[in-house]
Amino acid sequence: MPSRTTHALIGATAALAAALTVAPVATAAPSPAPKPASDTKPKPDDQFADSSRTVVTRDGWKMVVTKTSEALRSVPPLNRSPQSFEAFSTIGGEATVAVADPKKPPKSKVKSAVLTTGLQVGCAVTADSLTVGGSISNATNVGVTPSVTANLTGTATGQGGTSGGSGGGSVSAGVTPGISATVGDTLTETGSISGVIKPGTSKDIPYAKKNLEGPDAATYTREVRVAVDNCIGGVQVRSYATIALQTDRTDDSITTYGKPIFITRP
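Quick note, the sequence shown lines up with residues -28 to -1, 1 to 238 if you use mature numbering (1 follows the signal peptide of the UniProt record, and there is no 0).
Simulated from the structure, these hints should not be mistaken for lab results. Values in this document were obtained by computation on a predicted structure and should not be read as measured data. Among the hints, a few may not be true.
To be verified - As a list, the in silico DSS-like pairs of lysine-lysine whose alpha-carbon atoms are at most 30 Å apart:
# : residue 1 : residue 2
1 : Lys231    : Lys181
2 : Lys182    : Lys231
3 : Lys231    : Lys175
4 : Lys83     : Lys182
5 : Lys34     : Lys182
6 : Lys181    : Lys79
7 : Lys181    : Lys83
Unchecked claim - Across the chosen pairs, the derived CB separations fall in these ranges:
#  : residue 1 : residue 2 : range
8  : Thr26     : Pro77     : 12 to 20 Å
9  : Val71     : Phe234    : 37 to 45 Å
10 : Leu50     : Ser84     : 36 to 44 Å
Ideal placement from N, C-alpha and C gives every residue a C-beta, glycine not left out.
Sequences are here, hints too, so could you generate the full structure?
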């Protein structure tokens, strides 16, 4: 006959088994899946991101200018020269002029406000101060794309001694012409061209100008052909948008820029 101790042991064992069956051991909740790493690399289109600037004039007018809708599409140059670069450029601009503080309206009156968009073009080596058909023409003028091939020859003679000497010489240069215009007035010229080749030149090419007839204005210029010939070292461009304000008391302006971008050779 089982003893009281045996019955107690059997009862405790049964209670423990029941507890384990009814109340399973709680487990920790699974940790959430890790979030995918954010893409911190700039997207290709970020180089054309809109840019904006704001300024308040001394007489209380608020000017805002925005460069928008920019695009640059590099294409093979038509002349297929290894020193030529070509692209199609699109730039938009928006501008507003308003009272900065309605509680303190300006005492001056707006006489004019002009929105300008354009492109700054830089080339490592360009031709400058060219003589075309007997007249002086700056090869880096707006809208003028020079194409030149230069040949340089020289001779020199001299004599000297222990106390000094004298000498003389001459240098001549010839440049083969080729000029075309892409923006602005058309320029076509044939004949001889002579001049100087200079490094490190950049110029502004205005695309559009718009007078503000009201508090705001916008302008969009699409697919403008940008062609640069005889450029060694690559062509870099930078877009811009400017708002210029004139009142009967002050003149003020503000410009916003895009990022410098290279015209590539596809």
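Val71 versus Phe234 beta-carbon gap, inside 37 to 45 Å or not: holds (42 Å)
Hinted pair Lys181 and Lys83, Cα distance within 30 Å: Distance ~16 Å between Lys181 and Lys83 Cα, so the pair holds.
Lys34 paired with Lys182 [C-alpha distance capped at 30 Å]: Holds: Lys34 and Lys182 sit about 18 Å apart, inside 30 Å.
Satisfaction of hint between Lys79 and Lys181, Cα-Cα up to 30 Å: holds (27 Å)
12 to 20 Å as the expected CB spacing between Pro77 and Thr26, which holds or is violated: With a Cβ separation near 18 Å, Thr26 and Pro77 satisfy 12 to 20 Å, so the hint holds.
Pairwise hint evaluation, Lys231 against Lys182, where the allowed Cα distance is 30 Å at most: This hinted pair holds, its Cα atoms lying about 23 Å apart.
Restraint check for Lys231 with Lys175, where alpha carbons must lie at most 30 Å apart: Distance ~16 Å between Lys231 and Lys175 Cα, so the pair holds.
Straight-line alpha-carbon gap Lys231 to Lys181, limit 30 Å: holds (21 Å)
Agreement of Lys83 and Lys182 with the hint, judged by alpha carbon distance not exceeding 30 Å: Since the Cα atoms of Lys83 and Lys182 sit roughly 14 Å apart, the hinted pair holds (cutoff 30 Å).
C-beta pair Leu50, Ser84: status relative to the range 36 to 44 Å that was hinted: Since Leu50 and Ser84 have Cβ atoms about 40 Å apart, the given range 36 to 44 Å holds.
When each numbered hint is compared with the structure, no violation occurs for any of them.
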